[in-house]
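S.K.: Single-letter residue listing:
Number of protein chains: 2
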Amino acid sequence: MSSVPASVEPIRRLCVIGVGLIGGSLARALRAAGHCGEIVGCGRGRKNLERAAELGVIDRFETDPAAAARDADLVVLSVPLGAVRDVLSALRNHLADDAVVTDAGSAKQCVVDDVRSVFGMIPPFFVPGHPIAGTEQSGVDASFAELFQGRRVILTPLAETSGDAHERVQSMWKCTGADVVDMGVRHHDQVLAATSHLPHVLAYSLVDTLARMDDRAEIFRYAAGGFRDFTRIASSDPVMWRDICLANGEPVLEALDAFSRDLGLLANAIREGDGERVLSVFEHSKRSRDNLYRE
Amino acid sequence: MSSVPASVEPIRRLCVIGVGLIGGSLARALRAAGHCGEIVGCGRGRKNLERAAELGVIDRFETDPAAAARDADLVVLSVPLGAVRDVLSALRNHLADDAVVTDAGSAKQCVVDDVRSVFGMIPPFFVPGHPIAGTEQSGVDASFAELFQGRRVILTPLAETSGDAHERVQSMWKCTGADVVDMGVRHHDQVLAATSHLPHVLAYSLVDTLARMDDRAEIFRYAAGGFRDFTRIASSDPVMWRDICLANGEPVLEALDAFSRDLGLLANAIREGDGERVLSVFEHSKRSRDNLYRE
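Protein chains in written order, with my numbering: chain C, 1 to 295; chain H, 1 to 295.
No wet-lab data here; the hints were simulated from the structure.
Any given hint could turn out to be false.
One copy or any two copies: either way a pair holds, since identical chains are not told apart in the list.
What the hints assert, rightly or not - The calculated SDA-like cross-link candidates involving lysine to any residue, where the alpha carbons are at most 20 Å apart (straight line), are:
1. Lys-174 - Tyr-222
2. Lys-174 - Arg-221
3. Lys-174 - Ala-224
4. Lys-47 - Phe-144
Okay, chain C solo, but in the shape it has when bound (with noise of 0.2 Å):
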């Protein structure tokens, strides 16, 4: 775990709502760090909360945003994209006058667009946040303190930011270990359109469809150690990924059709018996992934 830089302010009160993976990783690792106060958990599950609470990863919990927040200097949003605004709003008239407020999600047009809607403006304290982190696991029990370390986290800060909101949340996510940078909304939501939204509809569309073919049973039995890692993402959490291909839905859509394109182009080829189209494709594919994960 990273140490706190001496100039960074701890945490006086962490209000986490939705102790989840995520949630729960982050406040694991604050903890760890030295880097917070008082912690308090607040979700729509009670027996995630007990959990959440007897693992020591929360001190205390309330099922009601508003009270959760109540003095939390930093407030983080850590539930699926489709529940942002509800927690927003209820958060609204609650805040503590030095509150900064971030959130997790794995898209930030949508979220940017729910908190303009709740507060009427892009209020100074709020900073979008998304820790390119996660397992195909969820729920606190999945949480550990190391999630972050090493990976990054994609800040997507405004013009009505306030730079001292910003460094505090990039503080808090340097004392989990993970590489902080910023970047623009759309562009975020391009990128992670491209890297991660769209194999999780891929995979999730094929699981779907082999699951539904008439010898589904020997499909599956056959399945090799490939299809268990090319399918691994088709275990993740389907709320929190419905939501993220609805709130994202424009930027996945055009990953999407992209794919689509070059995918029909690779059928031609194989029904063609074109093979040298079929190996350059297949080179380059193999050559740019090894690049990437050359050790």
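Given chain C's structure and the hints, the job is docking chain H onto it.
M.R.: Chain H in isolation, oriented as in the chain C frame:
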């Protein structure tokens, strides 16, 4: 390693044509099980053969298949599908009287067609086979004796195949710790198209598409663990996979069509903001995959 059933004659001389991941691992496994005498390797790359001899995976090698198969009572072809016909032609008049020949190709109808075209019929000594095992690595350096343990090997014997040849190939694979099953040629090709060939096509195609985008550097920089797993199979051998896609073209295109149709419906649901439809696909997919890998 499973021990050799007492009733099974060990292999006197094994000839492995194509000493890569599969051929090399088979040789190692049979040696470890004490199931064969001499192992003769053959292939087009002298360097790889020298390396195989140096590693003790094979006892000696020949670069001419006819010379390599001399006096071998078991000949295994583990070469890319596009090379099968030439190897069979080279072997045709040089097999020992008691030789059994099998292969490890990922599609079976094309191999059966090659056999018929080279021999003018299906010889009783030929047993088409396919071990469902592998990694994205290739070459003899990637081979290991345990590759087939607990994995499935599918044999697709034909009406012409002799019971004795079938049994000898079954015994060989059982010695590697694999679970050996029989299947019809066409059924094999359809099942594997869905579960293995299609995912490879999708992974190759996705990485190719992303690597040609303007902001590919950014895209790859923000790829997370899910992307790494999803695209692992895109690091597989492009020549081998080109051959598989062309050789098993019809079943691959059928699976691809079914997938593309469903993907188009999912895209429509995203476009229309139909969260219920999106969620039902994602939930069905997660449920199916979780059932498959429930431990």
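S.K.: Now tell me, hint by hint, if it's right for this structure.
M.R.: Structure-based check of all given hints:
1. Lys-174 - Tyr-222: between (44 Å within a copy, 17 Å between copies)
2. Lys-174 - Arg-221: between (44 Å within a copy, 18 Å between copies)
3. Lys-174 - Ala-224: Only across copies: Lys-174 and Ala-224 sit 18 Å apart there, 39 Å inside one copy, limit 20 Å.
4. Lys-47 - Phe-144: Result: close within a single copy only, 19 Å intra versus 47 Å inter.
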